[in-house]
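Chain A is already provided as a structure; the job is to place chain B on it using the hints.
In order, the protein sequence lines correspond to chains A and B.
For the first sequence, counting from 1, position 270 maps to 270 in the numbering used here; every step adds exactly one.
One rule links them: number in the numbering used here = place in the second sequence (from 1) + 434.
Do not rely on the hints blindly, as some may be mistaken.
Within a straight-line C-alpha distance of at most 25 Å, the following computed SDA-like cross-link-like pairs (lysine to any residue) qualify [said to hold, decoys possible]:
1) K707(B) x S164(A)
2) K238(A) x L464(B)
3) K759(B) x P335(A)
4) K325(A) x K707(B)
5) K438(B) x N69(A)
Rather than coming from a laboratory, the hints here were simulated on the basis of the structure.
Computed from a predicted structure; not experimentally measured.
Number of protein chains: 2
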Amino acid sequence: MTFKIGLLGLGTVGMGTAEILLDPRSRHPLLSEIEIYRVGVRSLDKPRPVQLPEALLTTDLESIVSDPNIDIVVEVIGGLEPARSLILKAIAHGKHVVTANKAVISRYGDEIYTAANQAGVYVMLEAAVGGGIPVIQPLKQALGVNRIHSVTGIVNGTTNYILSRMQTEGGEFGHILADAQQLGYAEADPTADVDGLDAADKIAILASLAFGGRIKLPEVYCEGISKVSAADIAYAEKLGFVIKLLAIAKRGLGEESKQSPLSVRVHPTLVPKTHPLASISGVYNAILVEGEPIGQVMFYGRGAGSGPTASAVVSDILNIAAVLKSTLNAQMLHPLLSCSHQDYCAIAPIDELVTRFYARFLTLDRPGVIGKLGTSFGNHNVSLESVVQTGIHNELAEIVVVTHDVREGNFRQALNEIRTLDTIDSIPSILRVL
Amino acid sequence: MTFKIGLLGLGTVGMGTAEILLDPRSRHPLLSEIEIYRVGVRSLDKPRPVQLPEALLTTDLESIVSDPNIDIVVEVIGGLEPARSLILKAIAHGKHVVTANKAVISRYGDEIYTAANQAGVYVMLEAAVGGGIPVIQPLKQALGVNRIHSVTGIVNGTTNYILSRMQTEGGEFGHILADAQQLGYAEADPTADVDGLDAADKIAILASLAFGGRIKLPEVYCEGISKVSAADIAYAEKLGFVIKLLAIAKRGLGEESKQSPLSVRVHPTLVPKTHPLASISGVYNAILVEGEPIGQVMFYGRGAGSGPTASAVVSDILNIAAVLKSTLNAQMLHPLLSCSHQDYCAIAPIDELVTRFYARFLTLDRPGVIGKLGTSFGNHNVSLESVVQTGIHNELAEIVVVTHDVREGNFRQALNEIRTLDTIDSIPSILRVL
Numbered sequence: 001m002t003f004k005i006g007l008l009g010l011g012t013v014g015m016g017t018a019e020i021l022l023d024p025r026s027r028h029p030l031l032s033e034i035e036i037y038r039v040g041v042r043s044l045d046k047p048r049p050v051q052l053p054e055a056l057l058t059t060d061l062e063s064i065v066s067d068p069n070i071d072i073v074v075e076v077i078g079g080l081e082p083a084r085s086l087i088l089k090a091i092a093h094g095k096h097v098v099t100a101n102k103a104v105i106s107r108y109g110d111e112i113y114t115a116a117n118q119a120g121v122y123v124m125l126e127a128a129v130g131g132g133i134p135v136i137q138p139l140k141q142a143l144g145v146n147r148i149h150s151v152t153g154i155v156n157g158t159t160n161y162i163l164s165r166m167q168t169e170g171g172e173f174g175h176i177l178a179d180a181q182q183l184g185y186a187e188a189d190p191t192a193d194v195d196g197l198d199a200a201d202k203i204a205i206l207a208s209l210a211f212g213g214r215i216k217l218p219e220v221y222c223e224g225i226s227k228v229s230a231a232d233i234a235y236a237e238k239l240g241f242v243i244k245l246l247a248i249a250k251r252g253l254g255e256e257s258k259q260s261p262l263s264v265r266v267h268p269t270l271v272p273k274t275h276p277l278a279s280i281s282g283v284y285n286a287i288l289v290e291g292e293p294i295g296q297v298m299f300y301g302r303g304a305g306s307g308p309t310a311s312a313v314v315s316d317i318l319n320i321a322a323v324l325k326s327t328l329n330a331q332m333l334h335p336l337l338s339c340s341h342q343d344y345c346a347i348a349p350i351d352e353l354v355t356r357f358y359a360r361f362l363t364l365d366r367p368g369v370i371g372k373l374g375t376s377f378g379n380h381n382v383s384l385e386s387v388v389q390t391g392i393h394n395e396l397a398e399i400v401v402v403t404h405d406v407r408e409g410n411f412r413q414a415l416n417e418i419r420t421l422d423t424i425d426s427i428p429s430i431l432r433v434l
Numbered sequence: 435m436t437f438k439i440g441l442l443g444l445g446t447v448g449m450g451t452a453e454i455l456l457d458p459r460s461r462h463p464l465l466s467e468i469e470i471y472r473v474g475v476r477s478l479d480k481p482r483p484v485q486l487p488e489a490l491l492t493t494d495l496e497s498i499v500s501d502p503n504i505d506i507v508v509e510v511i512g513g514l515e516p517a518r519s520l521i522l523k524a525i526a527h528g529k530h531v532v533t534a535n536k537a538v539i540s541r542y543g544d545e546i547y548t549a550a551n552q553a554g555v556y557v558m559l560e561a562a563v564g565g566g567i568p569v570i571q572p573l574k575q576a577l578g579v580n581r582i583h584s585v586t587g588i589v590n591g592t593t594n595y596i597l598s599r600m601q602t603e604g605g606e607f608g609h610i611l612a613d614a615q616q617l618g619y620a621e622a623d624p625t626a627d628v629d630g631l632d633a634a635d636k637i638a639i640l641a642s643l644a645f646g647g648r649i650k651l652p653e654v655y656c657e658g659i660s661k662v663s664a665a666d667i668a669y670a671e672k673l674g675f676v677i678k679l680l681a682i683a684k685r686g687l688g689e690e691s692k693q694s695p696l697s698v699r700v701h702p703t704l705v706p707k708t709h710p711l712a713s714i715s716g717v718y719n720a721i722l723v724e725g726e727p728i729g730q731v732m733f734y735g736r737g738a739g740s741g742p743t744a745s746a747v748v749s750d751i752l753n754i755a756a757v758l759k760s761t762l763n764a765q766m767l768h769p770l771l772s773c774s775h776q777d778y779c780a781i782a783p784i785d786e787l788v789t790r791f792y793a794r795f796l797t798l799d800r801p802g803v804i805g806k807l808g809t810s811f812g813n814h815n816v817s818l819e820s821v822v823q824t825g826i827h828n829e830l831a832e833i834v835v836v837t838h839d840v841r842e843g844n845f846r847q848a849l850n851e852i853r854t855l856d857t858i859d860s861i862p863s864i865l866r867v868l
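Looking at chain A on its own, in the form it has when it is part of the complex:
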């Protein structure tokens, strides 16, 4: 029995996928039963490092998703359209789908999975989060017996690379971003990465799997790293933290029903140096899952790149082929590989978040300033863990505050009051603390 693949896209990931499928020796034996049947590309003439018979290539992607001989469509063209339409057409033609497209799944997952369940096909997406790191599959198959409390990830390699270099070199964001762009670690248009949008797509997908419900992407709170300064990294270091862009999905404390709101968010965060995520540096990704009774488990690896991402794509193909092979008269979809969520998770607004905060203030250098700060925080039930005057810059005193766990809404109200104090010059940084 051979399973026929229609590959949409022959860019970095498509090429890596083809390389694995064309050279199956010393890999899982089932791979030798998987055949690249057609490949959709933008241009037939482009020189490519991978040798594929010319007859396989076509620029007519629509003809692939409707080809009756194809069992599995692999979408690795990226972007929203035509990827979304091609996925939906493939499903309508009864094809199983493997995709690496976090943007499409996080926005149109509802539409796509509803269609897939109706058509009785699988839509697999291991490559959408964490590159080659197996995290989607463990969430679906191994960790689901737990009551998941939280998923916390470093899921964007570009921002982790920039923050790691800021940490090591003491440089400023803009300078290191420019260098990362020259070195190819950041895109010419870095918005999706540095503003946290890519990480938001990914945490929406992870939250959906961890908490068994769909997630509305616009409800995911998202804050990027462009305002993180070298000064904050240095203060965080002194206080025992490193700054990481974390993507976090968390169930409300003590609330275990699926109806209780989740907190789903992306923001730069002070991470204690002893925390397992603190040592994840450079372009590496890691996802920490906490649940009952498993405790903490963490998955670590390269979060992007041709090889790792192709490994995830081909593992999805292999899983579909394995199920198809063992279930010729299947009654229903495999319940751990298919999507069984119909309902949306309730997501709490960011004001309801309970977390610690770090804030840096520039104030006039006068006696009583710390007292006034403390009073304003106290007026809004914000309890402080530490207040340190770290130095004098341009005749302004710099004060760094770390709070205990507080409701974000209360903290914001306290800041609004503090901004009206005549001794306060500015608040250059506000960051959350894990």
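Below, chain B without anything else, positioned relative to chain A:
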């Protein structure tokens, strides 16, 4: 549809398993279709924290494995017998089996999987390695598309706890072992842990899955941690290493065919501080898998304990239930969940290993000693990375040597020659370097 479980054993892991199955809310919905049907225990009268209807309990374990109503037998009694016989009888009666028993699988895996394939049933073992950490399943399902180069793990929590404390406190092995025993982190008879036998069982299982062949346990080289001294930990620290008990399975360099010998071994190892495994401390476990094209991925979590291990056991139950549910008329076993290995992997003798070494010598304090050491190493093609005289103890000079990659047989021959030198007092430590 309900799947009926026969649970053999109600110790720590059995109790944790029952706790999850008896309280399925906010876990995977399929768990509510899994029923604890009978529980085999040694004594009916023992008080237990988990409430199970008395009628479920029996001391007649044989009657469980032959009960026609039971779909899945869960073996969590541990030890070799009667565990092995009960597993084989369950298989003979057409039951699927979930086990946490690394000792039985590493010794009798051949017999058990041959029987399981003949009977058309699954034998699942996620809990046998790494507690709750999903590592068996990713090796079977996600990573198999890669050409695996190596699996390197910290897979024994007791020894990692002891080495971590030796590192932090500077204490000696014997003292910290005694304290670990008092605190419950080490068994009264610590042999299986400190001599590396438990880790050897686990790496045999991981190697089998990673390299697609069976492993003969006596061919796994095994060296424990009882000879690691505080002095070595201190020198390693100065040289930029920490000492960990690693379990390693590695394909020969440049040899990709399944017939080329593997190196499979357990020994204390100097791990560079920058290596991802260096920061795994205390009772945590981590398994690092390297392959092509995925690069490095690492799995991290608690390697033992009731909750984590039960999470792994129940995830195996869930996977079997999912397959059974979706494949009422299955043609064959699911190829990624069943065992497809019939052949044994060739394992190279330890003399063939190519690795770096660390060795500590006590010598007479005379000029020319380092020259003689260097000459002897050179005579056997052992190239040195560093030779440092670290101090004088009781009128003996202490010299620490780190080699480049050498064939272990050559290194041993050089040591034999060095032992005959009249300026050499003793060689208190020989350790491999990652």
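The hints, checked one at a time:
1. Only pairs whose Cα atoms come within 25 Å are accepted, and K707(B) paired with S164(A) is accepted, the gap being roughly 17 Å.
2. For the suggested pair K238(A) and L464(B), the alpha carbons sit about 48 Å apart, so the restraint of at most 25 Å is broken.
3. Proposed proximity of K759(B) and P335(A) is supported: the alpha carbons are some 8 Å apart, at most 25 Å.
4. Of the supplied pair hints, the one linking K325(A) and K707(B) is violated, its CA atoms being roughly 45 Å apart against a limit of 25 Å.
5. Distance hint between K438(B) and N69(A) is unfulfilled; the C-alpha atoms sit about 40 Å from each other, more than 25 Å.
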